[in-house]
Each structure stands twice: as C-alpha cells, then as structure tokens.
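**Q** Please arrange chain B on chain A, whose structure you already have, making use of the hints.
Heads up: the protein sequence lines correspond to chains A and B, in order.
Under numbering that gives the first Met the number 0, the first residue of the first sequence carries the number 0, and numbering increases by one thereafter.
Under numbering that gives the first Met the number 0, the first residue of the second sequence carries the number 0, and numbering increases by one thereafter.
Worth flagging that the hints you see were computed from the coordinates, not collected in a lab.
Some chain A residues judged to face chain B by a derived CB distance under 10 Å, without partners named:
| id | residue |
| --- | --- |
| 1 | S182 |
| 2 | L218 |
| 3 | E219 |
| 4 | A220 |
| 5 | E223 |
| 6 | Q245 |
| 7 | F246 |
| 8 | R248 |
| 9 | Y284 |
Quick caveat, the model's predicted, so the values are computed rather than measured.
Glycine included, each C-beta is placed from N, C-alpha and C at the ideal position.
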Amino acid sequence: MKAASTSQNAGSKSLDELVSDAKARLDEHTRETVSWHFDSSTGCPFWLDYAEKLKWDPRKEIQSYDDLDKFDSFQDEWLRGGPVRRWVPRALAEKPVYVFETGGSTGIPKSRINIDDFRIDYELFSQTLSVNSFPQGGDWLMLGPSGPRRLRLAVEHLCQHRGGICFCVDLDPRWVTKLVKSSRMQLMHEYKDHIVNQALTLLRAHDNIQCLFTTPKLLEALCEKVSLSKMGIKGVFCGGTQLTAQFHRFARDELLEGRVEFVPTYGNTLMGLACHKPFDPVDQYSVIYHAPSPRAMIEVVDPDQPDRLVEYGEVGRVRLTTLTKEFFMPRFLERDEAVRHRPCEAYPWDGAGDVRPFSGFATPIVEGVY
Amino acid sequence: MLHIPILRHGVAYESIDQVELVHHATGTPIATVSQANSGMVARDISRMADDVLERFSVNDLIAKSKKAAELFMTASLPIGDTSQTFDDYIGLLSATTGMPITYCRNNADKIRRVLSDIDKVIHGLTRGFDLSILDQGYGSHNGGTLSYFREGRIFGAVLPSNSPGVHSLWVPAIALKAPIALKPGREEPWTPYRIIQAFCEAGVPREAFGFYPTSHAGAAELLRHVDRSMLFGDRKTTQPWQNDPKVEVHGPGFSKVILDDESADHWEKHLDLIATSIAANGGRSCINASSIWTPRNGRAIAEALADRLAKVEALAADDPDAEIAAFANPAVARAINSMIDNDLRTDGAVDLTKEIRGSDRLVEKERVSYLLPTVVWCEDHNHPLANREFLFPFASVVECPESDLLNAIGSSLVVTAITRNKPLIDSLMQSPNIDRLNIGSIPTYQLSWDQPHEGNLFEHLYRQRAFQVESVA
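Chain A extracted, bound-state conformation:
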C-alpha cells in the first residue's frame, strides 16, 4: 500500500522535488490503472464497451495523468441505474461486491461498486490521524448518514483499524432533504433532536467513546447540549457537507473549546476521502483539502473550459479523477467550486480550499442536518 502522505520524506527533499516525485508516481499509477481497466481480461464491461467506440486505444495513448484529458468528462448519469455489474472489473468478479449510493433524494441514486476501496481509502486516511486525539483502542461514535452510503462502513472500518469498536446511529439524509425542500422545518428539527438524543445516550453509556465522526450541523446540535471535551471526546472527524472557514474557526475554538482535535474532510462515494492540510494559523482557518494521490485527484478548473486549471488562488469548479483497480472515473466535474491551493510538504500536489456548492448552477443544493 502506498502512503497517502509523504511527510516522512519531507525532511530530506525540497518541496519541488517532492512535487516532481509525486507527479512521476501519479503518471505511473495512471498508466497501470488505464491498462487494467482497458484490458479485456481485467477491465469492467462499461469501459471495455466504451473503448470499442473510441477511435483511439487508451492503453497506448494514455501515458501520463495529463493525457486523461483525452477522455470526455465522466458523466455521473452513467452511474444511475443498472446493470450495476457492468462496473465490476472482470479480474475482481469473484470477490464480494458492495454497492454504495450517492444522491437519490429524488429519482434514481448514483451507484458505485466497491470491494476493498473504502477500506484502503480509510486506512490511508488513518495514517494522518494523531494517536493522541484518535487513540489506539478508543471507541468511536459514527453520527452521520447511514443506509446505502459508504460512510457508515468506512468509519466503522477506520475505527476497527485503530483497534476500536464503533457505535452507530441511523440517519437518513434523503428524508432530511425532503423535509427541507418542503419547508417542514419543525419535523426536520424533531428528526435532528431524535438523532442527537440517541448520540447523547450512547456517549453517556459508553465511557470509552473517545472519537466522533459527525457533520457540521450535528456537531453544532450536540455541542448545544454538552461539552464534548467533558464527555471524554478527544478527536472529531467532520465531513459530509460544506464546511466554511468561519465554521472551522467556530468549531475548533468554541464548539470544541480548543480542547478537542478537529479534522475536517471532503469526500464522496465517487472519489474517496481527501485530507485537510494540517492546521496552520497562517491559513486563517481556510479548509484546504488534498486528494489521496495517486488513487484520486482533486483539481480546480475553469468551469467554461474544464481542461484548463485556474491559477493558484483563483476560484474554479472542482474536477475529480478516481484511479483505483475497482473504479476508473476520469475528469468528473463535481457540483462544487473551490480555490486552487499550492502543494504542501505533507501533500505535494494541488489542494482545493473553501469548497462550497458550485455557484454556476441555477438552483441551490439543499443541505439539512446531515
């Protein structure tokens, strides 16, 4: 397994060298991944069919990460509906397959098949967590979207990987979205209270719960009732929805009273999990994410010309690329926008800061308690 962070090398090499090493590794990984998905003995039916309609051979023409621009943007519509088995690589056909969903408040959700990716992604992420804040053997509370989502199993695996046992609460975000869209806010708050009360019961009943996954809104709701630090929580891993710099500051300094580690993340079923650049006061609480290269990349591109990266410091649309043996997703334009950030020593490739819903869409995205 390749490390998500190269911080262990940081002392001996300059940032430029680290960036160049990471780029070489990404190019090599791209070639391997493309060879795998477009080889008739290992690839999945979707990409093999796709290649037949192309006038070029991806295995010959894709020699670097940048060459992936030869593909048209990945359409997430392709993930709606079946047959879902067209996404299972032939070489993995005998393995037990999970299907994880995203979206689906209305209409058919997008599905992504998964075998081991969620475990690999979260084990890599685990390397970035400190043992003081997320102690080995500490139990976890998973207070976020459950059901057909990857997050529930992934957080549980992360916890088990660190020797803990994971307590869970059910949360159906599609129901929350429906309530918010139809302005039934009273019901939405009742549902939120129902979730938070279950969480408080678990926290009070199990002294060894030391780590928490939750969403920004649920973190606020929990901290309205209790001091998480007094409840014995040492680290909070937060994600699932937009997280502003102001919220980051508020969560770190006030909700968690500066006494509990706060780890914001950005991820989804399609890409995996991006890590937050280690907290540095210079960043003014900007939340800057770096993808788990080379398994996935986040780039910030010109919305009108998506093969062009915007300049550092500029805002553009988030473009995701996933490169694992289970899933190949080149050049997917996400529903978010962000500021492009420079590589850092821990993550010597581009980062995306202040991620928020893409302003170029006509209707706003609904976000509720989750």
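**A** This is chain B only, laid out in the frame that chain A set:
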C-alpha cells in the same frame, strides 16, 4: 474600509465570512459586514443572560430610552473601530439602501419620537397600570391584584431593509426588560447598530444586545432560539412561521383606503389623502395604501391619481426633491416590473400612469433601477392585481359595491375608511381581518404611538398570572 462587526453579548466580533455593501448608484464599496454562522447565533442566544435588565426598574429603562433618543439624533456613536455622526449615519443609510436622504431623516425622526415618547408608547401597550408592577412582579391596580411575568426571556427580531421606520417597533423591548438579538436586513445594518450604540451610551448594559448579520438559515436559528420574536419579510419568508405563537409575523400589509357611496361622489376632496397614503415614504412601507376600494367613480379616481403620481420622477437619493427610492439590487426592480406586466395581460386592468407618462415604469440608470409610481384601474375586484403590494408606490383602484366590500378586501394591516355610514363602520369595527382601523380622513401611514401597532409587544413578552400572597403581620 468601514467594518461592521457582529455583537456577541455586546462584544464586537469580526467574522471570517463578510459581505461587502456598495453604494447603490456608484457601486463604490462602503463597508464590510461580518456574517454570523448559524451555529453561533444559536449558541450565543442560549448563553445570553436573560435577567441582565432586571436590575433596573421600568422607569429607569424609560429614562435610558429617552436619553438614547437624544444620543441617536445627536451623538457621535461607535461603529466598528471608528465613530459615526448622525449625518454620517444618514449618508450611509441612503447610500446602501437607495432611499432618498429626506426620507432617511424622516424615518430617523420616527425612531427618535418613539424612544423619547417611550413612556407614552408603553402606557398604550399596558393600558396604564402602574409600571412598578413589572418590577415587583405584582401590585395593586383598580383595587385588585395584578401580576405579570416575562415569558419573552430573550426577544429576537429579524429585520427588513425596506424602511428604517420599522425599527421603532422593537425598541420598546428594552424598557420592558427583554434582552434582544437582532438580525439586520442585508443593506440596512446601520439603524439597528446605531440604536444599540445609543442605548449602550445611555447606560443600558452591552450584554443585553446581540447583533447578528446572517443568512436565512441563521435567521431561522435566531427565531427558533429566542423566546419571543418579530419577523419582517415577504409572504415566502413569513409563511413557515405564520402559526408559531412565539413569532409575531409582519408580512405584507395590503393596506387600503375605502370610500363609501357618499365619499365616492365627492372623491376629489379625498384625492390628497389617497395619493399621500400611496406614495409617502417612497411607498415602501406596509402602512402605505396598496389599493383603493370604491363603490363608483373608480375610473375617474384612478385617472386623477395617475395624473398626479405620474409626475414623480426618478431622482438621485441626495436630491431634496426625490420621492422614490432606488433599488439597491436592480434585479429586484426588474422582477417586480415583469410580474406586474405579466398580470396586466389578464383582461380587466390597465396601468393608467404608464399611459399618461408615455414611458415604462422601470427606469434603469447605469447601476440603479427605479420603479415609477403606478396606478392600475381594476374593473373586477377578482383581478390578480386588485389586492397586491409592491416595494414602491403602487395602488390599484377597484370598484366594488359597498355591500360586498368587507368580503372582497381580504386581510389588511391598515384600513382608512372615509365614511359616516354607521352600518359600514360597525361591520369594519367587527372585522377580524383589519389590524388598524382609521375612520375618516386619516392617512394610512399616520400612527398613534399610544396604541399598539400590529400586535402588542407587551402582551407578546409578558403573561398575566393569578397571584395571591399571604399578608405578613
């Protein structure tokens, strides 16, 4: 650049998230306003000291309010890291809202009047019992025991940007001992911020004030966390809170002038009153008339009104003759304009001002837009434009038989009925759909401050209880 902070328990806080306010006409940046995240609003309100004003008597707080009235009009008061004179305040208010300077001054004076006459206002709300009853919790009144307790531990208000006069409605809360949390309108942080500073300079403890510029989500958190509140907004904003007894909703007013058979025959005599009811204060208040109901001569009344109001021009906010406000957001003016044009396609209504003026009601001058006064003649009281309210001088003149009037007019914040017809007056007096009722030649916007306006703030904050105490020998 000038920065307006959040006030958290009275203490300034600069947020990472800020909104820039620009001059409505030139686009020049004027100030940045710190925005509170919604969790902050909720957390702060639940930590506000709800008894911070209990150490003062109501009479002490009345004296401080009077002092605040004077300071509001005359003092240099803090704003962010600097200070602001009254003239600075008026200039900034006009710059970001597009409201004519003269109207800004009139509205400021309205606030001064409420603060300096706060004893009369509270007397009107409490119907004259001895206010020490609120200090002690009970007392003797008309030979019996009267006891009240304050349910509105923290009072909140979600405020609009349309007209600064509305701030006169929440200010009595301080004299009634309720600490307040305010969410100002996006373009109008100036007035509530200045009122708070005036109260503080007058000796009201800072901890009694929360000031939270925030999003719609933040406003909803504010309303959910305070004990009692006022919410200003359009139908869409106020609808979800309509049935919440903790929230006093101030939506569109649909205020009206009504003529009876007799006054309709002498309508020329009432034209001034009708025209000013429509157009005073730039037609931006819920107490401006938005429809005129008459049993006959509707077309003639509409033409005469249109003739008069069509003379109003789109003038710069600092022009002393300006009578209408510019729209700080031109998209809003365009949207209102096309909504009206769309409804005019339904037969039975005609925009007479447009015919007289010979030009469109929408005027666009570089960055700013104006909507010129509009009088629509509606033959049918069921026409979609018969009973509407917009953020500029707009009125429909509707013909409706006197006998159908009460059913046809729907609900109204203010009705001015020019009538001496006893049965009509009786039925208006009995109508639950009229909040303020003026009988005779009283403009819709004329308020009597010794009577409650759209809900009684005292009754919103306090509840009467039965109380007995054993006398100690």
